[in-house]
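Undergrad: Sequence:
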Amino acid sequence: APIGQGYGLTETCAGGSFSDFDDTSVGRVGPPIPCSYIKLIDWPEGGYSTTDSPMPRGEIVIGGPNITLGYFKNEEKTRESYKVDEKGIRWFYTGDVGRFHADGCLEIIDRKKDIVKLQHGEYVSLGKVEAAILGSPFVDNIMLYADSFQSYCVALVAVSRPALEEWASKQGITYSDISELCGKEEAVKEVHASLV
Numbered sequence: 001a002p003i004g005q006g007y008g009l010t011e012t013c014a015g016g017s018f019s020d021f022d023d024t025s026v027g028r029v030g031p032p033i034p035c036s037y038i039k040l041i042d043w044p045e046g047g048y049s050t051t052d053s054p055m056p057r058g059e060i061v062i063g064g065p066n067i068t069l070g071y072f073k074n075e076e077k078t079r080e081s082y083k084v085d086e087k088g089i090r091w092f093y094t095g096d097v098g099r100f101h102a103d104g105c106l107e108i109i110d111r112k113k114d115i116v117k118l119q120h121g122e123y124v125s126l127g128k129v130e131a132a133i134l135g136s137p138f139v140d141n142i143m144l145y146a147d148s149f150q151s152y153c154v155a156l157v158a159v160s161r162p163a164l165e166e167w168a169s170k171q172g173i174t175y176s177d178i179s180e181l182c183g184k185e186e187a188v189k190e191v192h193a194s195l196v
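Mind the numbering: the sequence shown is residues 1 to 196 in the UniProt record's numbering, read in order.
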């Protein structure tokens with residue numbers, strides 16, 4: 001059976017974009033559906049611009065008749081996220097960051113709320129850092145925390161017990177339980193080396 005990938009939110013009545021039936025690419029969510037207009041707007045703080053080359057990048061804004069009127073009893077959030085242009089088109093500012101491919105297909109690449117500015121002005125994408133750390137065979141799960149009053153992030157890593165135990169067995173390391181293994185200097189060094 002053919003499988004498609006799309007993009008939409010509650011605020012867009014689930015519709016935004018959907019891949020064509022013959023599009024077998026990965027990571028793209030297709031072109032706008034007939035009831036939606038999609039545009040990108042610059043987000044300089046995150047380093048995304050509609051003039052980026054080879055593909056324009058920016059915050060995804062969706063407009064059209066499928067856009068909801070706002071948030072129930074929350075005028076402030078409605079004013080932040082919804083705008084009506086001079087043509088009367090209602091636009092929803094998604095907070096997602098995307099880029100357009102040459103064929104008009106959209107790709108989601110980031111999330112504005114997922115980017116934190118550290119103490120010295122450096123921006124960090126928590127999702128990208130988490131994804132990179134999840135590439136380690138020793139990591140089952142991760143939670144990354146960043147504080148704008150600090151110059152670094154902190155990661156809480158859930159170790160992959162099978163991977164660490166297999167490594168320890170190959171190294172001839174003895175231990176009584178997983179807590180002891182996680183505390184061994186050699187294990188800490190091995191896991192750390194897989195993360196940097």
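It should be emphasised that the hints constitute simulated quantities derived from the structure, not laboratory data.
Beta carbons are placed, not taken as given, at the ideal position from N, Cα and C, and that holds for glycine.
Where hints are given, some of them may not hold.
[Said to hold, decoys possible] Cut-off 27 angstroms, straight-line C-alpha distance, at most; resulting in silico cross-link-like pairs (DSSO-like, lysine-lysine):
1. 112 - 73
2. 87 - 117
3. 189 - 128
4. 184 - 170
5. 39 - 87
6. 128 - 87
7. 73 - 128
8. 39 - 128
9. 184 - 77
10. 128 - 112
11. 83 - 39
12. 87 - 77
13. 113 - 128
14. 170 - 128
[Claimed, not checked] Now the in silico label distances, taken between C-beta atoms and shown as ranges:
15. 70 - 175: 51 to 59 angstroms
16. 42 - 171: 47 to 55 angstroms
17. 27 - 71: 41 to 49 angstroms
18. 135 - 189: 17 to 25 angstroms
19. 71 - 171: 22 to 30 angstroms
20. 42 - 175: 32 to 40 angstroms
21. 4 - 54: 42 to 50 angstroms
22. 54 - 188: 51 to 59 angstroms
23. 70 - 5: 42 to 50 angstroms
Undergrad: Next, verify each hint and record whether it holds.
TA: Against the structure, the hints come out as follows:
1. 112 - 73: holds, 24 angstroms
2. 87 - 117: Violated, because 35 angstroms separates the two Cα atoms, which is more than 27 angstroms.
3. 189 - 128: holds, 23 angstroms
4. 184 - 170: Holds. Residue 184 to residue 170 sits at ~15 angstroms (cutoff 27 angstroms).
5. 39 - 87: holds, 15 angstroms
6. 128 - 87: Violated, because 37 angstroms separates the two Cα atoms, which is more than 27 angstroms.
7. 73 - 128: The given pair, whose Cα atoms are some 34 angstroms apart, is violated under the 27 angstroms limit.
8. 39 - 128: holds, 23 angstroms
9. 184 - 77: Violated, at roughly 49 angstroms.
10. 128 - 112: With Cα atoms ~12 angstroms apart, residue 128 and residue 112 stay inside 27 angstroms; holds.
11. 83 - 39: Holds. Residue 83 to residue 39 sits at ~13 angstroms (cutoff 27 angstroms).
12. 87 - 77: holds, 23 angstroms
13. 113 - 128: holds, 13 angstroms
14. 170 - 128: violated, 31 angstroms
15. 70 - 175: 51 to 59 angstroms: holds, 57 angstroms
16. 42 - 171: 47 to 55 angstroms: holds, 51 angstroms
17. 27 - 71: 41 to 49 angstroms: About 30 angstroms separates the Cβ atoms of residue 27 and residue 71, which means 41 to 49 angstroms is violated.
18. 135 - 189: 17 to 25 angstroms: At roughly 18 angstroms between Cβ atoms, residue 189 and residue 135 fall inside 17 to 25 angstroms, so the hint holds.
19. 71 - 171: 22 to 30 angstroms: At 55 angstroms between Cβs, range violated.
20. 42 - 175: 32 to 40 angstroms: violated, 53 angstroms
21. 4 - 54: 42 to 50 angstroms: violated, 25 angstroms
22. 54 - 188: 51 to 59 angstroms: The hinted range 51 to 59 angstroms is violated for residue 54 and residue 188, with Cβ atoms some 42 angstroms apart.
23. 70 - 5: 42 to 50 angstroms: Given range 42 to 50 angstroms: violated, Cβ gap about 28 angstroms.
Violated hints for the displayed structure, listed by number in ascending order: 2, 6, 7, 9, 14, 17, 19, 20, 21, 22 and 23.
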